[in-house]
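**Student:** With the first letter of the sequence shown counted as 1, position 64 gets the number 303 in the working numbering; the numbers rise by one all the way through.
These are computed hints drawn from the structure, not numbers from a lab. Do not rely on the hints blindly, as some may be mistaken.
[To be verified] Label pairs and their computed distance ranges (CB to CB):
| # | residue 1 | residue 2 | range |
| --- | --- | --- | --- |
| 1 | GLY482 | ALA408 | 30 to 36 Å |
| 2 | GLY439 | THR319 | 38 to 44 Å |
| 3 | ALA484 | GLU462 | 15 to 21 Å |
| 4 | SER366 | ILE316 | 39 to 45 Å |
| 5 | ASN465 | ASP296 | 34 to 40 Å |
| 6 | ASN389 | SER468 | 22 to 28 Å |
| 7 | TYR333 | GLU388 | 20 to 26 Å |
[Stated by the list, open to error] Result set (EDC-like, lysine to aspartate or glutamate): computed pairs, CA atoms no more than 16 Å apart in a straight line:
| # | residue 1 | residue 2 |
| --- | --- | --- |
| 8 | LYS248 | ASP492 |
| 9 | LYS248 | GLU485 |
| 10 | LYS248 | ASP275 |
| 11 | LYS248 | GLU277 |
| 12 | LYS248 | ASP487 |
As the structure is a computational prediction, the values presented were derived from the model and not from experiment. C-beta: ideal position from N, C-alpha, C; glycine also.
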Amino acid sequence: TWNIENYPKNNLTNFYVKEIIDSLNIDFIALQEISDNEAFSSLSTSLGNHWYGYRSDSPSSEWGELAFLINQNEFEIIGTPYTILNSYQYEFAYRPPLVIECSYQNQSLVFINVHYKCCGDGNLDESDPWDEEYRRLMASFYLEEYISENFNNENVIIMGDFNDDLLDAESNNVFNVFLDSPDEYYFSDLPMATEQDYWGYWSYPSWPSHLDHIIITNELFDEYQNINSSCNTILIDNILNSGWAEYDNYISDHRPV
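Work out the full structure, taking the sequences as your base and the hints as a guide.
**Tutor:** Below, the structure is given as structure tokens:
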């Protein structure tokens, strides 16, 4: 999952992003803040004919859209991507979750791409419908309810920029509906959120905070326990000549997870 800030934020962004995808041998990416459809189409084409690019077309274009990039040599795409919970545009900051269903090695997978409302003061005020934390709390509630009702026995992966910290106190935690059900959901990036070395682990180090998460449902717990499974923030800035300054200038203020 990768929030590529106000994509493309620089006329060299596509060059950087293509090189990163090629060098890391990535096969599936959920993207956020994809503002320019023409630039996104150009990126998808540059990756090769076996790549599938899809950008949402919700009313949120001024805030950037959700999108997918998928290597079709590895994934079989089932149907067309679609948005869900469109009745709750406000709670999702006018970026309704984007869903795509795929098959990987004869196993069905449901990917849900999200970009929650940003900002706030860190305090959850359930009496204030304008409160940013409350909007994120309700987005989590509606999303979990939808998964329970529609994908109860499916392999579901929720990924995106959730704009909030996993380690907030229970009274202010917008993810309680997921965290309180450890038999049903697991944040695979939770170990990174607990690290004190934010520059070495967190997806939004300039704040600093860890805001980009990946949730898996219990149907995938056994696969994730495989010795070869891992979840990491990809420290692309470490391999650039000018480090974070170059990454932030040409690519994004978020790192991929």
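**Student:** Each hint should be assessed against the structure and marked as holding or not.
**Tutor:** Going down the list of hints, with the structure as the test:
1. Restraint check, GLY482 to ALA408: a C-beta distance of roughly 34 Å satisfies the suggested window 30 to 36 Å.
2. Taking the beta carbon of each, GLY439 and THR319 are about 39 Å apart, inside 38 to 44 Å as hinted.
3. Separated by about 38 Å at the C-beta atoms, ALA484 and GLU462 break the suggested range of 15 to 21 Å.
4. Range check, SER366 to ILE316: Cβ separation about 43 Å, and the 39 to 45 Å hint holds.
5. Remark: the range hint 34 to 40 Å for ASN465 to ASP296 is upheld by a beta-carbon distance near 37 Å.
6. Range check, ASN389 to SER468: about 26 Å between beta-carbon atoms, so the 22 to 28 Å window is met.
7. For TYR333 paired with GLU388, a C-beta distance near 23 Å keeps the hint of 20 to 26 Å intact.
8. Only pairs whose Cα atoms come within 16 Å are accepted, and LYS248 paired with ASP492 is accepted, the gap being roughly 10 Å.
9. For a cut-off of 16 Å, the pair hint linking LYS248 to GLU485 stands: about 12 Å separates their Cα positions.
10. Proximity of LYS248 to ASP275 is assessed by CA-CA distance (about 10 Å); at most 16 Å being required, the pair is judged to hold.
11. Straight-line distance between C-alpha atoms of LYS248 and GLU277 comes to about 14 Å, which keeps the hinted pair within the 16 Å bound.
12. Proposed proximity of LYS248 and ASP487 is supported: the alpha carbons are some 9 Å apart, at most 16 Å.
Of the numbered hints listed earlier, the single one contradicted by the structure is hint 3.
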